[in-house]
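**Q** Single-letter residue listing:
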Amino acid sequence: MTSDRREEQGPREAVTCGDRRELARSLTEDALRSGASSAEVLIHEGPDFSTVVRMGTVEKLVQSNSRKLGLRVFHGTRSAIFSTSDFSPASLRQVVRDTLELARAAGEDPGSGIPSGELYAHVAPDMRLCFPAASLLSIEQKMALARECEEASLRHDPRIRNSEGAGFSDSITSVTYANSGGVCARYERSACTLYSSPLAEDGVQKQRDYWLTTHLDLTRLQSPREVGVEAARRVLRRLGAKSIPTCTAPVIFDPLTAGALLKNIADAVSGTALVRKASFLADRLGSQVASPLVSMLDDPLLPGGLASRPFDSEGVPSRTTTVVRDGRLESYLLDSYSARKLGLAPTGNSNRLPHGAPAAGPSNFYLKPGTVSPDEIISTVKQGLYVTDLIGFGVNIVSGNYSQGAAGIWIDGGCLAFPVEGITIAGNLKDMLTSVEAVGNDLSILGEICAPTLLIGRMVVSGS
Amino acid sequence: MMDGLKKLMDVFVDRFDVTQRNLDRLLSVALAKGGDYADIYLEYCTRDMLAFEGQVLKSATKSILQGAGIRVVAGGKTGYAYADSLDVAEMLPAARLAGMIALGAGSAAPAPQSSSTTTTHDLYPVARPLAAFELAPKVSLLEEADRTARGFDACVVEVRVVLANELKHVLVCNSGGAIARDLQPLTVFQVSCIAAKNGERQVGIKGGGGRVGMDYFASRPPAFFARNAARQAMLLLDAEDAPAGPMPVVLGPGWPGILLHEAVGHGLEADFNRKNLSAFSGRIGGRVASDLCSVVDDGTLPGRRGSLNVDDEGNATARTVLIENGILRRYMQDVLSARLTGSPPTGNGRRESYAFIPMPRMTNTFMLPGESSREEIIRSVDRGLYAVDFGGGQVDITNGKFVFSASEAYLIEGGRVTAPVRGASLIGSGPDVLTRVTMVGNDLELDEGLGTCSKDGQAVAVGVGMPTVKVSELTVGGTRR
Numbered sequence: 001m002t003s004d005r006r007e008e009q010g011p012r013e014a015v016t017c018g019d020r021r022e023l024a025r026s027l028t029e030d031a032l033r034s035g036a037s038s039a040e041v042l043i044h045e046g047p048d049f050s051t052v053v054r055m056g057t058v059e060k061l062v063q064s065n066s067r068k069l070g071l072r073v074f075h076g077t078r079s080a081i082f083s084t085s086d087f088s089p090a091s092l093r094q095v096v097r098d099t100l101e102l103a104r105a106a107g108e109d110p111g112s113g114i115p116s117g118e119l120y121a122h123v124a125p126d127m128r129l130c131f132p133a134a135s136l137l138s139i140e141q142k143m144a145l146a147r148e149c150e151e152a153s154l155r156h157d158p159r160i161r162n163s164e165g166a167g168f169s170d171s172i173t174s175v176t177y178a179n180s181g182g183v184c185a186r187y188e189r190s191a192c193t194l195y196s197s198p199l200a201e202d203g204v205q206k207q208r209d210y211w212l213t214t215h216l217d218l219t220r221l222q223s224p225r226e227v228g229v230e231a232a233r234r235v236l237r238r239l240g241a242k243s244i245p246t247c248t249a250p251v252i253f254d255p256l257t258a259g260a261l262l263k264n265i266a267d268a269v270s271g272t273a274l275v276r277k278a279s280f281l282a283d284r285l286g287s288q289v290a291s292p293l294v295s296m297l298d299d300p301l302l303p304g305g306l307a308s309r310p311f312d313s314e315g316v317p318s319r320t321t322t323v324v325r326d327g328r329l330e331s332y333l334l335d336s337y338s339a340r341k342l343g344l345a346p347t348g349n350s351n352r353l354p355h356g357a358p359a360a361g362p363s364n365f366y367l368k369p370g371t372v373s374p375d376e377i378i379s380t381v382k383q384g385l386y387v388t389d390l391i392g393f394g395v396n397i398v399s400g401n402y403s404q405g406a407a408g409i410w411i412d413g414g415c416l417a418f419p420v421e422g423i424t425i426a427g428n429l430k431d432m433l434t435s436v437e438a439v440g441n442d443l444s445i446l447g448e449i450c451a452p453t454l455l456i457g458r459m460v461v462s463g464s
Numbered sequence: 001m002m003d004g005l006k007k008l009m010d011v012f013v014d015r016f017d018v019t020q021r022n023l024d025r026l027l028s029v030a031l032a033k034g035g036d037y038a039d040i041y042l043e044y045c046t047r048d049m050l051a052f053e054g055q056v057l058k059s060a061t062k063s064i065l066q067g068a069g070i071r072v073v074a075g076g077k078t079g080y081a082y083a084d085s086l087d088v089a090e091m092l093p094a095a096r097l098a099g100m101i102a103l104g105a106g107s108a109a110p111a112p113q114s115s116s117t118t119t120t121h122d123l124y125p126v127a128r129p130l131a132a133f134e135l136a137p138k139v140s141l142l143e144e145a146d147r148t149a150r151g152f153d154a155c156v157v158e159v160r161v162v163l164a165n166e167l168k169h170v171l172v173c174n175s176g177g178a179i180a181r182d183l184q185p186l187t188v189f190q191v192s193c194i195a196a197k198n199g200e201r202q203v204g205i206k207g208g209g210g211r212v213g214m215d216y217f218a219s220r221p222p223a224f225f226a227r228n229a230a231r232q233a234m235l236l237l238d239a240e241d242a243p244a245g246p247m248p249v250v251l252g253p254g255w256p257g258i259l260l261h262e263a264v265g266h267g268l269e270a271d272f273n274r275k276n277l278s279a280f281s282g283r284i285g286g287r288v289a290s291d292l293c294s295v296v297d298d299g300t301l302p303g304r305r306g307s308l309n310v311d312d313e314g315n316a317t318a319r320t321v322l323i324e325n326g327i328l329r330r331y332m333q334d335v336l337s338a339r340l341t342g343s344p345p346t347g348n349g350r351r352e353s354y355a356f357i358p359m360p361r362m363t364n365t366f367m368l369p370g371e372s373s374r375e376e377i378i379r380s381v382d383r384g385l386y387a388v389d390f391g392g393g394q395v396d397i398t399n400g401k402f403v404f405s406a407s408e409a410y411l412i413e414g415g416r417v418t419a420p421v422r423g424a425s426l427i428g429s430g431p432d433v434l435t436r437v438t439m440v441g442n443d444l445e446l447d448e449g450l451g452t453c454s455k456d457g458q459a460v461a462v463g464v465g466m467p468t469v470k471v472s473e474l475t476v477g478g479t480r481r
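Chains C and W supply the protein sequences, listed in that same order.
1 is the number of the first residue of the first sequence in the numbering used here; add one for each residue after it.
1 is the number of the first residue of the second sequence in the numbering used here; add one for each residue after it.
Please keep in mind that the hints were generated in silico from the structure rather than gathered at the bench.
Wrong hints could be hidden among the right ones.
What the hints assert, rightly or not - Below are the DSS-like pairs computed for lysine-lysine, each with C-alpha atoms no more than 30 Å apart in a straight line:
| # | chain 1 | residue 1 | chain 2 | residue 2 |
| --- | --- | --- | --- | --- |
| 1 | C | Lys341 | C | Lys430 |
| 2 | C | Lys277 | W | Lys197 |
| 3 | W | Lys197 | W | Lys62 |
| 4 | C | Lys341 | W | Lys168 |
| 5 | W | Lys77 | C | Lys60 |
| 6 | C | Lys382 | C | Lys368 |
| 7 | C | Lys263 | C | Lys341 |
| 8 | C | Lys341 | C | Lys68 |
| 9 | C | Lys263 | C | Lys277 |
| 10 | W | Lys62 | C | Lys430 |
| 11 | W | Lys168 | C | Lys60 |
| 12 | C | Lys60 | W | Lys275 |
| 13 | C | Lys341 | W | Lys197 |
| 14 | W | Lys197 | C | Lys60 |
| 15 | C | Lys263 | C | Lys242 |
| 16 | W | Lys197 | C | Lys430 |
| 17 | C | Lys263 | W | Lys197 |
| 18 | C | Lys68 | W | Lys275 |
| 19 | C | Lys68 | W | Lys197 |
| 20 | W | Lys62 | C | Lys277 |
| 21 | W | Lys77 | W | Lys197 |
| 22 | C | Lys263 | W | Lys62 |
| 23 | W | Lys77 | C | Lys263 |
| 24 | C | Lys242 | W | Lys455 |
| 25 | C | Lys242 | W | Lys62 |
| 26 | C | Lys277 | C | Lys382 |
| 27 | C | Lys68 | C | Lys263 |
| 28 | W | Lys455 | W | Lys168 |
What the hints assert, rightly or not - Just so you have them, the derived chain C footprint on chain W, three or more residues with Cβ under 8 Å:
| # | region |
| --- | --- |
| 29 | 21-31 |
| 30 | 289-302 |
| 31 | 382-396 |
| 32 | 425-436 |
| 33 | 453-463 |
We put the beta carbon where it would ideally sit given N, CA and C, even for glycine.
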């Protein structure tokens, strides 16, 4: 057993120590020599591990080292992108040639290019983003975390007799960026996640739900027991769910579903959508778009944030951006391209992947917590819906039309009364934002985009 | 050109040192610690994407996706590892990592068998693959769509046209001695238009494709999709808000077959059923739909987006009857579920790429035609919804609740199609909805070829289809009461 563990850890350590800055820099130089007017290289690389335990037995074990390099080449304002996982010198020489040829054939696009030099003026902060604790665990220890987590769900209640499984995963991603303007930087970020997804059955119904904990640092995860028990609590409260008659009612989003709603807003303030005016928030900068209770921040500097980073996918040093302050839209999330196109200052929000076209988007994006507890919010609602799950693709960020499948708990007289499912909630994001009537004090980091409990004054609930 | 394609098939041998001897060695290393079964999936995939926006070719991207995924199965356990490389030296550590799952499993590894090539279909003998064309003819397809959409109406303010094309070389071999190779072209052409009027914006999206080459555009010219996308965006500008509440729903032919994909398709994938996670678990032989309904999954339709000569585990794809006159007949299997349940594989083992473990997935899923005419079906509804196009859908496998969002729908009033409506989601229960199918049209259509299905974080290309169908009652999630 011991010797096998060495097999596992050998290659993992070797890769995380790799420094690709020289490779990235030399590729941008190659591109210039071959006739490019500018070029940039983005490399993502690192080890991944995941395991799933189901009904006490290990079901899956996946281990790999992945890597991807993206070269973006400019010929004036024409550009092209090539990505590959083949880092051999011969192959990369061919990539430079092919990309340049493709760029020459592309259309003139004023606004395209590497970011201008002054954006790099402030220094990327020194951030601690890579925590070794998870990578030091043996495979057996990682499996044990998942097993313990599932067991906590299964032992919680006799109605929980089956499970989709519980899983543990961890990864380290090394990000390297270089451009022909002389910028060259790299950082490493770790991440780990533990979840449980139990089923509950009461003879009539079968329900599933989940809970998870995720952090850069293993030592900051919730315990397997806490995760397992919370997952069990969430699935049990779904048993006995029924539909309700169609009505108009106040709707409370729990932190998970409020986070999903905030993701829709993040999409609508992304420079990539705004360049095309493909957003209901286009041309609204400086105006009141939400209730005064609502403030939203993008904070790539958040200590321990899952999307924290010293610089974005264009190497631009990170900074915090207030997107909505007291309901007023103050800023979009922009990369250098969308900023030029919109005539605004970039915000360091390039989320481009090595193989993808330029894309602006959030880092750690959250809605600032209010002062009231979730229980207090629920107690203010006479008849309404507490939403715990959303399904479907019924959100249109161009028009703001919103109609999603939902499950949750019906509120009667300020108390959670009975579970509901098979319903939709509908409205328009414009109205939903302005009718936020309460913001909870319960913001916790469940992902990259997080929100506390939210009360929206009025939505149409469609049911039986 | 066929010779050209055949030659491309040899990429693994020509460009990489993938010999039978090396594959056998990898399988032996994978099974060195025990295990019942191992397989290797090699992929070399080139992708091109051209995006035309703001009346210029704004983005041109190319990528090469190459790697090997190695799997070891021991009982119900799966060990998996991949390398972003086709070099044997990098695949060997992956084989060792995958094999660690078998530690303590106690089973002796079976000796790898002598290899036999799997007989496959020839469903996409593409004469003129897009990958073989220069940029100019492809850009002129994009220009034609852009011009047509902009010319449709002055309210069309933004047009984005995308042509994406991939060519995937696949080699799958397993410890049972089977080896299969395939070359899989896949093309997508998509037009999205934004129309604006009086401060309001709406989007229309249309497109199509399949495992096709340049000849595809003779039957589906760019202008066809462009006109339709612009028309849809304009229609939504003038649409009323959708109604809310339960009502009869008529689903148009083609892409509305996404109903089947969400409502029953996922629930009939064998992994969910073997683990008793699905609302359909244990219901083989039972009634799950009205006797008007027969649903098949067919990976063997020539040129379709969801079709494959072999699935991603090297098994030939097939036509599988899932529901016959309302009775549940079969689940869709991959190798693992078939082994564990003693069922024959159905050629539904699919994966997004070498970086993923295969799972039971749909190919092209559709309902067989009935006898009613579309007019007859619409005439039978006094007040209801006629939904002809959808965005996406999603299902909760366990409780069976599914939702899908209409992107083009109309009211039916007094047996006639009247005003367009927007923002309608439809929600229902998978095991229940097909029992409420009261009329099935004689007009089966398959979708245009844009479908992508996500499961457990893996996206695969799929097709759906359906004739016009009447569901006696479905909850419509609009805002108008």
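**Q** It remains to establish, for every hint, whether it holds in the given structure.
**A** Outcome of the hint check:
For the hint pairing Lys341 of chain C with Lys430 of chain C, the CA-to-CA distance comes to about 25 Å; that is within 30 Å, so the pair holds. Note on Lys277 of chain C and Lys197 of chain W: the hinted pairing holds, with a Cα-Cα distance of about 13 Å set against a maximum of 30 Å. The suggested pairing of Lys197 of chain W with Lys62 of chain W is violated, with an alpha-carbon distance near 37 Å, which exceeds 30 Å. Note on Lys341 of chain C and Lys168 of chain W: the hinted pairing is violated, with a Cα-Cα distance of about 36 Å set against a maximum of 30 Å.
Distance restraint check for Lys77 of chain W and Lys60 of chain C: the Cα-Cα separation of roughly 6 Å lies within the 30 Å cut-off, and the hinted pair is therefore satisfied. Distance hint between Lys382 of chain C and Lys368 of chain C is fulfilled; the C-alpha atoms sit about 26 Å from each other, no more than 30 Å. Only pairs whose Cα atoms come within 30 Å are accepted, and Lys263 of chain C paired with Lys341 of chain C is accepted, the gap being roughly 23 Å. Among the hinted pairs, Lys341 of chain C with Lys68 of chain C is consistent with the structure: their alpha-carbon atoms are about 28 Å apart, no more than 30 Å.
Taking the CA atoms of Lys263 of chain C and Lys277 of chain C, the gap is near 18 Å; set against the 30 Å cutoff, the hint holds. Proposed proximity of Lys62 of chain W and Lys430 of chain C is contradicted: the alpha carbons are some 38 Å apart, above 30 Å. This hinted pair checks out: Lys168 of chain W and Lys60 of chain C have alpha carbons roughly 26 Å apart, not beyond 30 Å. The hinted pair formed by Lys60 of chain C and Lys275 of chain W meets the criterion: a straight-line CA distance of about 14 Å does not exceed 30 Å.
Our distance criterion of 30 Å between C-alpha atoms is met by Lys341 of chain C and Lys197 of chain W, whose separation comes to about 23 Å. Restraint check for Lys197 of chain W and Lys60 of chain C: the C-alpha separation of about 53 Å exceeds 30 Å, so the hint is violated. Taking the CA atoms of Lys263 of chain C and Lys242 of chain C, the gap is about 28 Å. The hint holds against a cut of 30 Å. Under the criterion of a C-alpha separation no larger than 30 Å, the hint pairing Lys197 of chain W with Lys430 of chain C is consistent with the structure, at around 17 Å.
Taking the CA atoms of Lys263 of chain C and Lys197 of chain W, the gap is about 27 Å. The hint holds against a cut of 30 Å. For the suggested pair Lys68 of chain C and Lys275 of chain W, the alpha carbons sit about 35 Å apart, so the restraint of at most 30 Å is broken. For the suggested pair Lys68 of chain C and Lys197 of chain W, the alpha carbons sit about 43 Å apart, so the restraint of at most 30 Å is broken. Note on Lys62 of chain W and Lys277 of chain C: the hinted pairing holds, with a Cα-Cα distance of about 26 Å set against a maximum of 30 Å.
Distance check on the hinted pair: Lys77 of chain W and Lys197 of chain W sit about 57 Å apart at the alpha-carbon level, beyond 30 Å; violated. Among the hinted pairs, Lys263 of chain C with Lys62 of chain W is consistent with the structure: their alpha-carbon atoms are about 29 Å apart, no more than 30 Å. Restraint check: the Cα-Cα separation between Lys77 of chain W and Lys263 of chain C comes to about 35 Å, which exceeds 30 Å; the hinted pair is violated. Between Lys242 of chain C and Lys455 of chain W the CA atoms are separated by roughly 26 Å; this keeps the pair inside 30 Å, and the hint holds.
Taking the CA atoms of Lys242 of chain C and Lys62 of chain W, the gap is about 49 Å. The hint is violated against a cut of 30 Å. At most 30 Å may separate the alpha-carbon atoms for a hinted pair to count; Lys277 of chain C and Lys382 of chain C exceed this at roughly 39 Å. Straight-line distance between C-alpha atoms of Lys68 of chain C and Lys263 of chain C comes to about 26 Å, which keeps the hinted pair within the 30 Å bound. Note on Lys455 of chain W and Lys168 of chain W: the hinted pairing holds, with a Cα-Cα distance of about 21 Å set against a maximum of 30 Å.
Three residues within the 8 Å Cβ limit are the bar, and the region 21-31 of chain W against chain C gives 0, so the coverage statement is violated. Residues of the region 289-302 of chain W with a Cβ under 8 Å from some Cβ of chain C number 0, which does not satisfy the need for three, so the listed coverage is violated. Taking a C-beta to C-beta cut-off of 8 Å, the region 382-396 of chain W contributes 6 residues in contact with chain C, enough for the three needed, and the coverage statement holds. Closer than 8 Å: that is the beta-carbon criterion, and the region 425-436 of chain W has 4 residues meeting it against chain C, so the requirement of 3 holds.
Evaluation of the coverage hint for the region 453-463 of chain W: breached, as 0 residues show C-beta separations to chain C shorter than 8 Å, against a requirement of three.
Hints 3, 4, 10, 14, 18, 19, 21, 23, 25, 26, 29, 30 and 33 from the earlier list are contradicted by this structure; the remaining hints agree with it.
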